[in-house]
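Asker: Produce the entire structure from the sequences given, and follow the hints as far as they go.
Protein chains in written order, with full-length UniProt numbering: chain A, 1 to 768; chain B, 1 to 768.
The hints are simulated quantities; they were obtained by calculation from the structure and are not laboratory data. A hint or two may mislead.
Intra- or inter-copy, both count: the list cannot distinguish identical chains.
[As the list claims (entries may be wrong)] With a cut-off of at most 20 Å between alpha-carbon atoms, the simulated SDA-like pairs for lysine to any residue come out as follows:
| # | residue 1 | residue 2 |
| --- | --- | --- |
| 1 | Lys273 | Phe289 |
| 2 | Lys370 | His665 |
| 3 | Lys268 | Leu544 |
| 4 | Lys669 | Thr368 |
| 5 | Lys418 | Phe407 |
| 6 | Lys669 | Gln366 |
| 7 | Lys370 | Gly670 |
| 8 | Lys669 | Gln334 |
| 9 | Lys370 | Leu666 |
| 10 | Lys701 | Trp348 |
| 11 | Lys687 | Asn228 |
| 12 | Lys324 | Asn228 |
| 13 | Lys370 | Lys669 |
| 14 | Lys370 | Leu660 |
| 15 | Lys549 | Asn34 |
Since we're looking at a predicted model, the values are computed, not measured.
2 protein chains.
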Amino acid sequence: MATLGDIGVAAAINITSAFVFLVAFAILRLQPFNDRVYFPKWYLKGLRSSPSSSGAFVGKFVNLDFKSYLRFLNWMPEALKMPELELIDHAGLDSAVYLRIYLLGLKIFVPMTLLAWAVLVPVNWTNKSADLGKFTHSDIDKLSISNISLGSHRFWAHIMMAYVFTFWTCYVLRKEYETVASMRLHFLASERRRPDQFTVLLRNVPPDPDESVSELVEHFFLVNHPDNYLTHQVVYNANTLAKLVKEKKSKQNWLDYYQLKYSRNQLKRPLMKMGFLGLCGDQVDAIDFQTSEIERLTKEIAVERERVINDPDSIMPAAFVSFKTRWGAAVCAQTQQCRDPTTWLTEWAPEPRDIYWKNLAIPYVQLTIKRLIIAVVFFFLTFFFMIPIAFVQSLANIESIRKKVPFLKVIIDVSFIKAFIQGFLPGIALKLFLIFLPTILMIMSKFEGFISISFLERRSASRYYIFNFVNVFLGSIIAGSAFQQLNKFSKLSANEIPKTIGVAIPMKATFFITYIMVDGWAGTAGEILRLKPLIIYHLKNFFLVKTEKDREEAMDPGSLGFNTGEPQIQLYFLLGLVYAVVTPLLLPFILVFFALAYVVFRHQIINVYNQEYESGAAFWPDVHGRVITALIIAQLLLIGLLSSLGLPQSTPVLIALPVLTISFHLFCKGRYEPAFVRYPLQEAMMKDTLERAREPNLNLKGYLQNAFIHPVFKSCDDDDGDEEFNEKWEKESVLVPTKRQSRRNTPLPSKISSNSSPSLPEVVQEDP
Amino acid sequence: MATLGDIGVAAAINITSAFVFLVAFAILRLQPFNDRVYFPKWYLKGLRSSPSSSGAFVGKFVNLDFKSYLRFLNWMPEALKMPELELIDHAGLDSAVYLRIYLLGLKIFVPMTLLAWAVLVPVNWTNKSADLGKFTHSDIDKLSISNISLGSHRFWAHIMMAYVFTFWTCYVLRKEYETVASMRLHFLASERRRPDQFTVLLRNVPPDPDESVSELVEHFFLVNHPDNYLTHQVVYNANTLAKLVKEKKSKQNWLDYYQLKYSRNQLKRPLMKMGFLGLCGDQVDAIDFQTSEIERLTKEIAVERERVINDPDSIMPAAFVSFKTRWGAAVCAQTQQCRDPTTWLTEWAPEPRDIYWKNLAIPYVQLTIKRLIIAVVFFFLTFFFMIPIAFVQSLANIESIRKKVPFLKVIIDVSFIKAFIQGFLPGIALKLFLIFLPTILMIMSKFEGFISISFLERRSASRYYIFNFVNVFLGSIIAGSAFQQLNKFSKLSANEIPKTIGVAIPMKATFFITYIMVDGWAGTAGEILRLKPLIIYHLKNFFLVKTEKDREEAMDPGSLGFNTGEPQIQLYFLLGLVYAVVTPLLLPFILVFFALAYVVFRHQIINVYNQEYESGAAFWPDVHGRVITALIIAQLLLIGLLSSLGLPQSTPVLIALPVLTISFHLFCKGRYEPAFVRYPLQEAMMKDTLERAREPNLNLKGYLQNAFIHPVFKSCDDDDGDEEFNEKWEKESVLVPTKRQSRRNTPLPSKISSNSSPSLPEVVQEDP
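Answerer: This is the structure we're talking about:
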């Protein structure tokens, strides 16, 4: 495998590219015309405005204060300055806790690195290896467990360290879980009033021939939660409407573009082609065409909006049910309502901006089938994606290329190219593969029908983690080695898997070190440069922006992206825990990643990202669980490695480790997880009592009235429709409960009448 | 292995013994002096009285009506006559649903047997086996899958049948789950008012320096469930008291015995020895000694009772909290109360007679440690119990005995002895081993600290099932074969386990057939004879019984014993599902078991057993889950078997089966399990409303007052103490909530006062 020199070259390349990114960022961020790209959060908060007010014309675009370029790294201490409480206030708990994942990495791995270098590296280094022939050795192996002779008693040092590392990791994890749980509880307790605190999402309302969904919900809750029920909002299937609105917005953008083009060049009216992607077909006047299209869509939107509001079929069997108190909502969200456990399902309503509206319209029956389909699809995606990866990995093994394709020998033997191929290519190819993956996974999660964006992201994240584990981690180890040890590995029995992987692990250390450098160092440094948003912003700024509001919209602050970021961090946890005992050389590389990423993302969170929702760190149990998984994997692989290194008697000693780790996990689950899943009644009661004392005359019903309306109804460009909608809403909420018995006697006419109008204010008249 | 002839001999032996048991039962049950042994349930229900009233003296003891002996099997149709609804009314839902497990067996296996004999037996039989040498063949193998040549296409018939059997089993399981769930819901809905419907069990009340447990509970629920909270009862640690009462009762029994002895032989006062077990030491007058002992214990009991009631340390941090409505209780039982998920834990209160009082006194902290200990102990019990079983199994393999111990050859070669050893001994030895196991498992569950007897039994049952699976099923297959194929099996890798077991399965069919006959046929027939209760009743009747009440107590109706019975039935499900495809010959034996056991246990439930508690068929999810487990095991073993029979291409076809089965299980879990775990608010509200309409003036507080008092306080032989206790209780329940703030300012004095009296009626005076 690669030598220390190869790693040196790779490190030089990656450090250079990281450095280039950082310098480019330092220069670009100081230019006023990039201000909205690198500090959008402050603009969104209204704390910063366009720098156009001061200085000369050139000064608007280019920073001429050359002194400021000298302090090009001073964003780092700035990023670290803001205290955590202020950060929570500034960016929300989700972001603050997300940063703690990096801190967790540092807390786990800093003492681990020191210990491993103090104990294991000397133990490995000083051994006079007698059986060098067994594995392909290089300088790195001198520092790793491979340098120790088969069956040597030196392995007991490694076993001891495995215990120490496990206990340390568990200790840090428990501390961190405790802190995050109390942060979450404190955050929830100190939150101001929010509609979702009073509201549960009700799904799967059973169909009823006599009553509309709205009536049915009202009657059910008036009967079963008589003291607590306040009001409810039905869910409209506004997916078509949302699609039309989106289309209209896109046409509007094109119209703006053409108008700007025309205003710059008054001589020639812009033309466009009607065919596929504007590349073929008849030419028409672009401004006229887009204007007519927008007119058509505006009409269609009005019709569709009318239809959605008045057609009972567009009301989904779901509703947001609000209660008079948080206590009532907490009770309803945690209990089963009906004897049939598949109907009248209640759960906490997500924050309004966290709701993924499209999926509220999916009938519950489909969900089970969809989940099965996605499970199968994910299985195939995970296991058949391995083929290209295996091909790329084979590049890393330059020796086998040389043997198989001898005419490339001349090129490969140039030492720089060799180092480049070995150090850079496998990492970047893998990275490219993985760029498109999160989108696919997110689409899969959406298809599955989960109803909050935060949950969608968490689901995608755990899939991404599994994918990473199978393909990046296992795939790199087994496929890469498969070229060398094909005969050995051809038939894997379940029992030998930890052994087989365990044996391959020390050999793949070099690959993972380069991977960490490419993905962890250069990638993180690239993140701060924000190349894609930078380019898009300037394109938009040039072609579309006319007003200050347009410029606001052209900014793309982005957000943390839990579904992509977290599983990648988890890969570092996995690598660190697996290699801590085996190849301690890898640990410093991971430390650098965690430190760099912590600073970079802290900067981004403070200055750039704009979180779309706030889940109150609901993702922490996932983070915790995945670190535990990584720990158990590391332990199993160590068992496999040691038993194949001539120390099978180590297995009973080490088998206690996963058992202890699992019971630790169960302990944490019982002790801390409820804080992330349930909502204690005591807390709810406390907040209710406080609020009643402070605001005895609060009009809660008015406050909750329109909290959970599909955003498409709220979009302010159609004010008239909106008012009409609100009016309709108010009519609906004064609905008087009917005597259902009387309706049941005359089912047919009332069914027709309920079809003609879902809000049914006339049912009042049916009361004798 | 054994031939068809051997099985015939074994069958003859077992059928004979079953027949002997049945005849003995038929004769014994007709004797009037056995009436209380065979019809205790009717006595307990007050529907039958001692037959002493009618006929001559001899007629009291012996049935002289010889015609009745001719109809010795007529209990069978009688047992089947009672309709299910009447059975539920007569014996409770638990018993009625328990019988449905046998019915489930018949429903699954009758069509399966027909189909297997119609399709698989011809397919197996007609194959001209070319490679007879591979496995040791016997006549039975002609009917089994072993008769088919390696890699033959006939195996596709087996694969097809595996699919058919899986779908049929799942279909029946789903139907049955649905029926049982609706039976349970109907049963719960039609139940009369019971204290546990209004009550939750609260555990882990955090310690408070200012207030006693009782005050703390009252304040907490007055604050957090203001509209629903009604009253509560604290839990006293009465374990010492219960022990004393038990001791007194035992001494009383001895006193009765000696007095009876003396009354029969007035010349000699009975003597007893003081030493170990009455075998050594000084002789004393037995009646005097026991009388003085009873006096001493009576005093001690009075003192202890006083101490328990007045000492605040004997109040556990647990309480039964009752609510005004079932709705309130349902809400409290299903929600989290406090932000710390390890305190203020609420769950449904078990039925008062279902509570295992001893464990209420265990502080919560110990529970986690106890569970870990038991898990480790159970692991060792399961895996080290195998050694003796393996030894017994080796007997079954008569060929290897003959080879190893040649001097026994002469005896073994007597064909009857050979058949006896092969057919009878392994089964009965195994059975003897297993008799003592449930008691051990039950003690383990009790140690773990679960608080209801029904849960203890369910826990023991699942442990027993695991034990049965590992030791009876796997142990018989692997250990028994280990003597033949030691070289092959010496090293088992995880992947090869299904293969190894799969290969051994057809060979062990004979063993399991004899096991079914011994355990299932003769054992079930033996159950109806009730030999142990018969002997004990007559001993007691002779030595102790003086009054009618004594005779009542001497009856030991017993109960179903879910913890021992159910896992054994599950073993038959496992055997049936595993062998359905492999050796269809085994299926009729299982059918006979299910049919016989159904009739026998129906008879016992109607006439004998007296259920100690009623859990409303809460055990069904366990039953369902274990049948599913058996199904998956059968599928995996079939995959192993077929891949070793030269048809590895069957694996991808068959792998879909366990996947489908698991997803079916998940479906059932979501659809039906909530009916067994949670209590829907709608139901609660309905019952509340009905009750309010029917009995508007119900004094619920009075009704619930003493519902959850440790039975030792209720025992009527100490009426004076009981009254005092009730009085105290009433005092406690008029407690007025204190203003805690004022108490907090003076913690020390109030701590002393709360120590001196737990009920603290004087705190009322502290109100300014």
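Asker: With reference to the structure, classify each hint as holding or not holding.
Answerer: Hints, verified against the model:
no.: 1; hint: Lys273 to Phe289; verdict: within (10 Å within a copy, 115 Å between copies)
no.: 2; hint: Lys370 to His665; verdict: between (31 Å within a copy, 17 Å between copies)
no.: 3; hint: Lys268 to Leu544; verdict: within (18 Å within a copy, 119 Å between copies)
no.: 4; hint: Lys669 to Thr368; verdict: between (27 Å within a copy, 13 Å between copies)
no.: 5; hint: Lys418 to Phe407; verdict: within (15 Å within a copy, 76 Å between copies)
no.: 6; hint: Lys669 to Gln366; verdict: between (31 Å within a copy, 18 Å between copies)
no.: 7; hint: Lys370 to Gly670; verdict: between (31 Å within a copy, 16 Å between copies)
no.: 8; hint: Lys669 to Gln334; verdict: both (18 Å within a copy, 18 Å between copies)
no.: 9; hint: Lys370 to Leu666; verdict: between (30 Å within a copy, 14 Å between copies)
no.: 10; hint: Lys701 to Trp348; verdict: within (18 Å within a copy, 34 Å between copies)
no.: 11; hint: Lys687 to Asn228; verdict: both (15 Å within a copy, 19 Å between copies)
no.: 12; hint: Lys324 to Asn228; verdict: both (5 Å within a copy, 16 Å between copies)
no.: 13; hint: Lys370 to Lys669; verdict: between (29 Å within a copy, 18 Å between copies)
no.: 14; hint: Lys370 to Leu660; verdict: between (37 Å within a copy, 15 Å between copies)
no.: 15; hint: Lys549 to Asn34; verdict: within (17 Å within a copy, 97 Å between copies)
Checked against the numbered hints above, the structure violates none of them.
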